[in-house]
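Chains as they are written, first to last, in this note's numbering: chain A, 143 to 443; chain X, 143 to 443; chain D, 143 to 443; chain U, 143 to 443.
Everything labelled a hint here was simulated from the structure, so no lab data went into it.
Some clues are possibly wrong.
Copies of the same chain look alike in the list, so a pair counts if it works inside one copy or between any two.
Said to hold, decoys possible - In silico EDC-like pairs for lysine to aspartate or glutamate, Cα to Cα no more than 16 Å straight-line:
#, residue 1, residue 2
1, LYS420, ASP401
2, LYS420, GLU378
3, LYS420, ASP299
4, LYS441, ASP386
Single-letter residue listing:
4 protein chains.
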Amino acid sequence: MDLGMVGLGRMGANMAQRLVRGGHRAVGYDPGAQARERAAQAGVDAVDSLQALVAALSAPRAVWLMVPAGQAVDDTLAQLLPLLAPGDTVIDGGNSNYKDSVRRAEQLAQAGLHYLDCGTSGGVWGLSEGYSLMIGGDADAAERLRPLLETLAPTPDRGWGRVGPNGAGHYTKMIHNGIEYGLMQAYAEGFAIMQRKAEFGLDLHQVAQIWRHGSVVRSWLLDLSADALGRNPTLEGIAPYVADSGEGRWTVAEAIDLDVAAPVITASLLERLRSREKDSYADKLLAAMRNEFGGHAVKAG
Amino acid sequence: MDLGMVGLGRMGANMAQRLVRGGHRAVGYDPGAQARERAAQAGVDAVDSLQALVAALSAPRAVWLMVPAGQAVDDTLAQLLPLLAPGDTVIDGGNSNYKDSVRRAEQLAQAGLHYLDCGTSGGVWGLSEGYSLMIGGDADAAERLRPLLETLAPTPDRGWGRVGPNGAGHYTKMIHNGIEYGLMQAYAEGFAIMQRKAEFGLDLHQVAQIWRHGSVVRSWLLDLSADALGRNPTLEGIAPYVADSGEGRWTVAEAIDLDVAAPVITASLLERLRSREKDSYADKLLAAMRNEFGGHAVKAG
Amino acid sequence: MDLGMVGLGRMGANMAQRLVRGGHRAVGYDPGAQARERAAQAGVDAVDSLQALVAALSAPRAVWLMVPAGQAVDDTLAQLLPLLAPGDTVIDGGNSNYKDSVRRAEQLAQAGLHYLDCGTSGGVWGLSEGYSLMIGGDADAAERLRPLLETLAPTPDRGWGRVGPNGAGHYTKMIHNGIEYGLMQAYAEGFAIMQRKAEFGLDLHQVAQIWRHGSVVRSWLLDLSADALGRNPTLEGIAPYVADSGEGRWTVAEAIDLDVAAPVITASLLERLRSREKDSYADKLLAAMRNEFGGHAVKAG
Amino acid sequence: MDLGMVGLGRMGANMAQRLVRGGHRAVGYDPGAQARERAAQAGVDAVDSLQALVAALSAPRAVWLMVPAGQAVDDTLAQLLPLLAPGDTVIDGGNSNYKDSVRRAEQLAQAGLHYLDCGTSGGVWGLSEGYSLMIGGDADAAERLRPLLETLAPTPDRGWGRVGPNGAGHYTKMIHNGIEYGLMQAYAEGFAIMQRKAEFGLDLHQVAQIWRHGSVVRSWLLDLSADALGRNPTLEGIAPYVADSGEGRWTVAEAIDLDVAAPVITASLLERLRSREKDSYADKLLAAMRNEFGGHAVKAG
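Same shape as in the complex, but just chain A:
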């Protein structure tokens, strides 16, 4: 089956390549020449404009967007819309806010286009291990993409599904990432406690390896942690600075909107914010207050 892939960054290029390996034809576009070249070497039909991409696909087309969430999606859609024809399907495989996806689906429906919001998990390992795909939107539109989805997923019958109407795909992915924050933080804290417990001289890589087999905490994130700890057990050279890309914030906001207390996902997000605060005003004020009432000396900073 044919697919147009818009955005040939790490995720888009890998997905296109996995499709090509699976016997599909992937036409790919990216504004960057280097990204196009790399994709071409991987068997993707790389073209240098959206016009060329659309022209290279026969109707009804399937165009997959793998561009940064936010304005880039709207901009791309604005350029694509005049080029597409009723019956075509656009899939947003990025980490868009689900509310944007609901809005965009309505916008495209007015032009007779199908829109699918597809939460995509798997990261850089998806190329070899397949992607977990959560799709929101019209069931028939999703069904027509079955050959592609069966190739992108780990196995034809595993790891993908249409989970609900438009928005449901990115909603599910948002929650997925919220959970991911919590899982990561739980492991990070556990290893940090063991690292601090000098008296036992624990080999954290060994511990991770033991846990990977038979333990209640075995998981893919543990597998990855074991790899990281194997290569660099002291985590030398890595700054204690943790970025976040939005879904955690959205999950926290969503939980509060729904009156669901989600203390662990919330704490995971706050910890990431905290990791980036090098000069906390709150902590300074705490030190100042202790000095005020108790005469406790403040540390000069």
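Knowing the structure of chain A, use the given hints to seat chains X, D and U on it.
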């Protein structure tokens, strides 16, 4: 190789059975006749006293305790000690506090006995899938048990190891369980948010199944959650009441002792306490305060 | 000085009454006849329409809104705008979202009207003790209200101020309420721990009274808590159910938007959500998971 | 009335001085010559040994310990005990762990001595404003100290009381400090959010001053914060490093022991630990994990 198993509850009986299946001889003791019978049916040489258990093993003996953490371990050791001979090894495979294990190891060493504290993970699935085993204590003593450990673990070379001196095994298991609390809570929160989001009509079992393959959050706990959600997606009939068995508390205390902030593991524990508070005095006082300053009506309770 | 008060609920009526006591003239409007009557008895010139209210004031007018935050403010403004004249000033003294206040100020400026967003704290005690007032908007417009503000505040020179441009008043009040959540929760937790510690038989009212004088934790909220505990030390008849009115949520969202970790204010909000969850799906799933991996019995629910 | 004060640090010297000002006689001992001299200048009968202190008091004696919690209390008691006579009373006014106080009271009772554990709040301001005193122990023994307590407290009838049997005084003070952590953190977070909100250019000292009068969040800690912000609004030169002196940890441990969820007090403690972690292993591991699964670059550190 021969092993004496003291305690033929769910964990002890399963471990003895796995050893028997692996070609070892397991002599088992439990004060309960029913437990002994069940173990006997599984091929364990069930005896009705510690004396009989010790007598049935040839020196140097290996006696594995699988009894409830706390006083039961001390009581069992008090009975066992006079029966054992220098060179014998006692393994505590339960969830003992690591500080107790350090103390007990010193106590047994004075009698010329080896003591190994072995954190054991795997739950009821360990019988079929093997156990993850984290061992603290003398390396030679652990090495002598290798044939048993290779059978108990998922495969001979995976999922077990001697991680450090006495205490290190139970310490590692304590941290394991702290992490487990955090992981569980992260999933629980994520599914709870999706459950509350009625408009998407998400099928939580389907979502769990999709995530099990290719996603960043795939894990054994997710596999189990998928099973639970498959059988009972609304979790009908299950009270929102979460017990805890101590290791989470110890992990929180340990983190604080070491000056390590572990907000997610801590929040997971507090959530369990909270699940059991049906009539929170704190919440009543909050309602009363709101009434005091703002005239906000309290709900009658 | 003359003031028009729109909304004669608990807060609006009390503020109007305090102004009257202070020698000002307060014209008041409320859609409810009972509210108007009560205000009239307190010396307020109660009128039965916005038209009448505006007509009763001489230009340049000062009209204070004390209506529920949200749509009610926009609706009231829509009705007021055609009645007012350039140079008049509208003050929103409610708990509006600061972003709405910025928007409304721009809207009124186009009609030549001044808009002040005034965060108002003090609750039902403001009538006797005065209100704490944080004002956002044009400094000259605020200055013209000085006589009113000096009467509303605890003393002419204490407890009020123009803190910044439009939005700053409600922003400051939002943060005030976020802090309030944290303070309340801290006290509530402390008293809850003491209440649970049965062995000391602590008299919580006595403890609160002792702390009110000379201690580091003395505060007005503690004074109120002492009152509540004096009347009802067991908090009998009060449901453990804590409402929230929005500012806490906004504070949490704002903190996250600004990348400031605010764990205590956040935890206070989550605790309120939690107090209203009688049948937590998350907790049920935790119980189900424990059953899955460990065979731990679930409580029937 | 006569009192012996052991420990003439900031707290002990001030308390002795307040007693002297109130017409009592205070005999004071401190191992440091400078501390003794300062106390002498304030009217305290400073002596250079515990023997001299005991000798200077007529039986039944009242000896108040104001020494660092922990070993110093036990050491002092060990020296004092042989010097005292049945019927004498020892008061521990420091921040001792309440379990130690229960133990010490039993120990002294065997020698016919009374022991009172007295939680003392008020900090460096107690000299001028009086101390809040929470006393645990025998009611008659406490009653005999009434003249001293009425002088130490803010007014004779305010701010002090016997709250329960031995241990209850320090227990109440422990909870007081746990609450204090939560209150401080709530203010600190609120001010930190406002400080970050550059667009409003808020004057945090002004905001604090406004809130001090009439607002729901008015408190003594706010008064102190206003002072600190008045002198140093940017908190220049103060390191974001917050010490803790034990009671917060004990409160958290106690809450967990009692199965009371205390998320805000707990979060306040964790934030203090966090303020001292300059190189969090947990955060490094999070960054490493993000790199593993998503190829996200780590910051060099």
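Please write out, lowest number first, the hints stated earlier that are contradicted by the structure. 3
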